[in-house]
Amino acid sequence: MDELILKVKNEIITALKLEGMTPDEIDTDAPLFNEGLGLDSIDALELIVLMDKNYGIVVEDPKVGKQALESVRTMAEFIKNNRKS
Amino acid sequence: MNSRITQYCIIRNGKIFLNGEEFFSNDIAESPLVFFKSALKHLNISYPKFYKMDSLSKLAFLASEVILIQDKARGSFPNDRVALVLSNSVSCLDTDVEYQKSISDRNNYYPSPALFVYTLPNIMIGEICIRNKYQGENIFFCSEAFNADLIYSYVNMLLQTNKADKCITGWIDFLGNSYEAVLFLIEREGNSNTIEFNIENLNKLYKGI
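If you read the protein sequences in the order shown, they are chains A and B.
Take the first sequence: its letter number 80 is residue 157 in this note's numbering, and every next letter is one higher.
Take the second sequence: its letter number 189 is residue 535 in this note's numbering, and every next letter is one higher.
Bound conformation, chain A alone:
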């Protein structure tokens, strides 16, 4: 799981173009939106696309997506349980 968490952090940095940020600067359990990384709705779209492109996961239910994107840990767990690629 730690390996996947690190991979997800790196993918978030790339997808959201968090230039200058390193994976260790992202708190695994901090909220991704508002607090924590301070992401917004545009970033949510980027993360949904990331999961589709990199793992073949299509998020159709907004409630499911919201829960999955609470933190890096919930996102990694969601990917682990639903990945197709």
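Check before you lean on any hint, since a few could be wrong.
[Stated by the list, open to error] The calculated BS3-like cross-link candidates involving lysine-lysine, where the alpha carbons are at most 27 angstroms apart (straight line), are: (1) Lys84(A) x Lys447(B); (2) Lys387(B) x Lys140(A); (3) Lys161(A) x Lys94(A); (4) Lys94(A) x Lys447(B); (5) Lys130(A) x Lys387(B); (6) Lys84(A) x Lys387(B); (7) Lys361(B) x Lys94(A); (8) Lys395(B) x Lys94(A); (9) Lys130(A) x Lys361(B); (10) Lys479(B) x Lys94(A); (11) Lys84(A) x Lys143(A); (12) Lys387(B) x Lys94(A); (13) Lys130(A) x Lys157(A).
Calculated from the structure, these hints are not laboratory results.
Keep in mind the model is a prediction, meaning the values are calculated, not measured.
For this one, chain A is given, so just place chain B on it according to the hints.
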């Protein structure tokens, strides 16, 4: 009316100057982004949104943070009375080029929203407004070089017509590895110990360091 330049910040060549004094230096940084990140750490600012910004906005954000250090300490900023008037020579070309790259390959076509939002130069003004909750007048100008006449005329009009009490104005330019920020805080009722707001002084301070 006798408006004053109460603060000014210059960022060039790995150095930040505040009111003519060196504030921070990291001229061995291997890239502008490394320099910007080290400056953010020096300012002891925790603001994750900084990392999402494009390089132009990062530069504008840093210059504004430096120029506002003393005013924030005083804590007297009416949010709707602060105007922003910024300018540069290359608009947001640095980000435009990146965005163009992201959509030029038909086999790997992805117009990233995170990148697209920065394909307007006045987004850097928005970033400063979001950070400081400013709701005053704002405008961005593109000119070949720093144009003190233009800045003076526009800011003076804002202050004289009572559209604002204070104005953050200046030059924020970024392209590739080349960058320059020269930002002034202009106040309608500035302290007499500060610098008179006029074209000659704007030019002198811009060229000074």
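Evaluation of the provided hints:
{"no.": "1", "hint": "Lys84(A) x Lys447(B)", "verdict": "25 angstroms, holds"}
{"no.": "2", "hint": "Lys387(B) x Lys140(A)", "verdict": "37 angstroms, violated"}
{"no.": "3", "hint": "Lys161(A) x Lys94(A)", "verdict": "25 angstroms, holds"}
{"no.": "4", "hint": "Lys94(A) x Lys447(B)", "verdict": "14 angstroms, holds"}
{"no.": "5", "hint": "Lys130(A) x Lys387(B)", "verdict": "34 angstroms, violated"}
{"no.": "6", "hint": "Lys84(A) x Lys387(B)", "verdict": "25 angstroms, holds"}
{"no.": "7", "hint": "Lys361(B) x Lys94(A)", "verdict": "25 angstroms, holds"}
{"no.": "8", "hint": "Lys395(B) x Lys94(A)", "verdict": "11 angstroms, holds"}
{"no.": "9", "hint": "Lys130(A) x Lys361(B)", "verdict": "41 angstroms, violated"}
{"no.": "10", "hint": "Lys479(B) x Lys94(A)", "verdict": "24 angstroms, holds"}
{"no.": "11", "hint": "Lys84(A) x Lys143(A)", "verdict": "20 angstroms, holds"}
{"no.": "12", "hint": "Lys387(B) x Lys94(A)", "verdict": "19 angstroms, holds"}
{"no.": "13", "hint": "Lys130(A) x Lys157(A)", "verdict": "15 angstroms, holds"}
Consistency with the previously given hints fails for numbers 2, 5 and 9, ordered from lowest to highest.
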